[in-house]
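Enquirer: Starting from the given sequences, assemble the full structure and let the hints guide the process.
Protein sequence lines, in the order shown, are assigned to chains A and B.
Number 248 in the numbering used here belongs to position 248 of the first sequence; there are no gaps in the numbering.
Each number in the numbering used here comes from the position in the second sequence (counting from 1) with 1000 added on.
A couple of the hints might just be wrong.
Which stretches of chain A does chain B cover? Using the computed rule of at least three CB atoms under 8 Å from a CB of chain B, they are [stated by the list, open to error]: (1) 83-93; (2) 129-136; (3) 200-213; (4) 290-298.
Restricting the straight-line Cα-Cα distance to at most 35 Å, the calculated cross-link-like pairs of lysine-lysine (DSBU-like) are [as the list claims (entries may be wrong)]: (5) K1035(B) / K268(A); (6) K78(A) / K192(A); (7) K1035(B) / K73(A); (8) K1004(B) / K1035(B); (9) K1035(B) / K193(A); (10) K268(A) / K73(A); (11) K17(A) / K193(A); (12) K193(A) / K268(A); (13) K192(A) / K268(A); (14) K192(A) / K1035(B); (15) K78(A) / K1035(B); (16) K73(A) / K192(A); (17) K1004(B) / K263(A).
Think of the hints as simulated: they come from the structure by calculation, not from any bench.
Think of the CB as a built atom: it goes at the ideal place given N, C-alpha and C, for glycine as much as any other residue.
Here are the chains, one letter per residue:
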Amino acid sequence: MSTQDAYEEYYVPHNSKLPIFASLGIFLTLYGMGNMFNEMSAGVDSSFGEIVFLLGGLVMGTTLFFWFAQVIKENHEKLYSNQLNRSFVWGMSWFIFSEVMFFAAFFGALFYVRMFVVGWLGGEGERGPSDMLWPEYTPEWPLMNTPDPERFPGPQAIISPWGLPLVNTILLVTSSVTITIAHHGLNDGNRKKLINWLVATIALGVVFLFVQAYEYYHAYNDLGLTLGSGIFGTTFFMLTGFHGAHVTLGTFMLIIMLFRAIKGHFSKEDCFGFEAAAWYWHFVDVVWLGLFVFVYVLGS
Amino acid sequence: MFLKFLVVVLFIANLVALGTALFALLNDEGRKEGKRTARFLTIRVSLAAALLMVIAFGFYTGDLGVGGVPWYDASRQ
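Expert: This is the structure:
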């Protein structure tokens, strides 16, 4: 057998415009988001940032829809070899690694600020002399009184973990139970069970997002807890906001999995797409548990 | 204090179960009959439920700060 015969055929698609549209979508999303925050902090009454942000999201969503559709079509045409499937698995591995590092950075920032910086600013340890800049400042966590309260007024109050955050924790853990039942439905070859429990999971994810949006509204309008109200507000919104973005992404993934399940795309032997999306949902749930435990419950 | 320790231990157990499921997912590539990924994820969600119950117990007994969450409603004025 020649060396050439020993290798599987590795499908290489034709050139595609999709990555260009994806880049454009990412650019518009981030440019719009940056403008949105600038407008918010400057108190400008303009919706330019929001419109660009939504347009970017639309471009990105449409691009991904066509991209996924193409990959699924190629998979069904049996163009993919085992070697190419392993490339997808590696793609997923790197994506997960980047996600873990992303949240590790934000949790790391939270711990660093809480354990060290707040104390240093109050005169603790070898970096204590910075205390001379703000003699009135008292270190505490959560930081209700910032070192410079005139420029960065702290929040009046902070959200209790035992109200909406607890409800959201119950919602998300329940959604992990429902996705697990759907997963077992797939393994048992029971498509009805898979579809019904996937629908339940998506519904729980959407309710979670609405509760989160209401919580933000309450924080901004009633508690004075904003992105600009000192380091607690900043870390709180960075962590919970990016988590919310990931729940949104996970919900879209599950909606696509639902459509695929309805079309009968999955079998016991070919279900990496579903398993990866289900695992991602569990990951998002664990991140939330970390947030609930470290930001809300053990925040003192 | 014991409850806080238990909460942290259960959270770490969640991470370990999730990591094990990831290992199974990437190795089996959604093909093997053994379905290890689903099994590890079931363990993961059971641990999450246990964590939630411990938190609920702490909420009920007040050991995790119910009603007396140090910063809740703390006024700046």
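Enquirer: Now tell me if each hint is right for this structure.
Expert: To see whether the hints hold, each was checked on the structure:
Figure legend: the stretch 83-93 of chain A, annotated as covered by chain B; annotation consistent (5 residues with Cβ-Cβ distances under 8 Å, at least 3 required). Counting residues of the stretch 129-136 of chain A whose beta carbon lies closer than 8 Å to any beta carbon of chain B gives 0, which falls below the threshold of three, so the coverage claim is violated. Here the stretch 200-213 of chain A counts 0 residues with a CB under 8 Å from a CB of chain B, which misses the bar of 3, and the coverage is violated. For a cut-off of 8 Å, the count of residues in the stretch 290-298 of chain A with a CB near a CB of chain B stands at 5, and the three-residue condition holds.
Annotation: proposed proximity of K1035(B) to K268(A) holds, straight-line Cα distance about 9 Å (limit 35 Å). Restraint check for K78(A) and K192(A): satisfied, since their Cα atoms lie roughly 26 Å apart, inside the 35 Å limit. This hinted pair checks out: K1035(B) and K73(A) have alpha carbons roughly 25 Å apart, not beyond 35 Å. Between the alpha carbons of K1004(B) and K1035(B) the distance comes to roughly 34 Å, so the proposed pair stays at or under 35 Å and holds.
A threshold of 35 Å between alpha carbons decides the hint, and for K1035(B) with K193(A) the separation of about 17 Å falls inside it, so the pair holds. Distance hint between K268(A) and K73(A) is fulfilled; the C-alpha atoms sit about 19 Å from each other, no more than 35 Å. Taken as a hint, the K17(A) and K193(A) pair is broken in the structure, with Cα atoms around 38 Å apart against an allowance of 35 Å. A distance of roughly 14 Å separates the Cα atoms of K193(A) and K268(A); the hinted pair therefore holds under the 35 Å criterion.
Our distance criterion of 35 Å between C-alpha atoms is met by K192(A) and K268(A), whose separation comes to about 14 Å. For the given pair, K192(A) sits about 19 Å from K1035(B) by alpha-carbon distance, which is consistent with the 35 Å threshold. A C-alpha spacing of about 23 Å is found between K78(A) and K1035(B), which places the hinted pair at or below 35 Å, so the restraint holds. Between K73(A) and K192(A) the alpha-carbon distance is near 23 Å, which keeps this suggested pair within the 35 Å criterion.
A distance of roughly 46 Å separates the Cα atoms of K1004(B) and K263(A); the hinted pair therefore is violated under the 35 Å criterion.
Violated hints for the displayed structure, listed by number in ascending order: 2, 3, 11 and 17.
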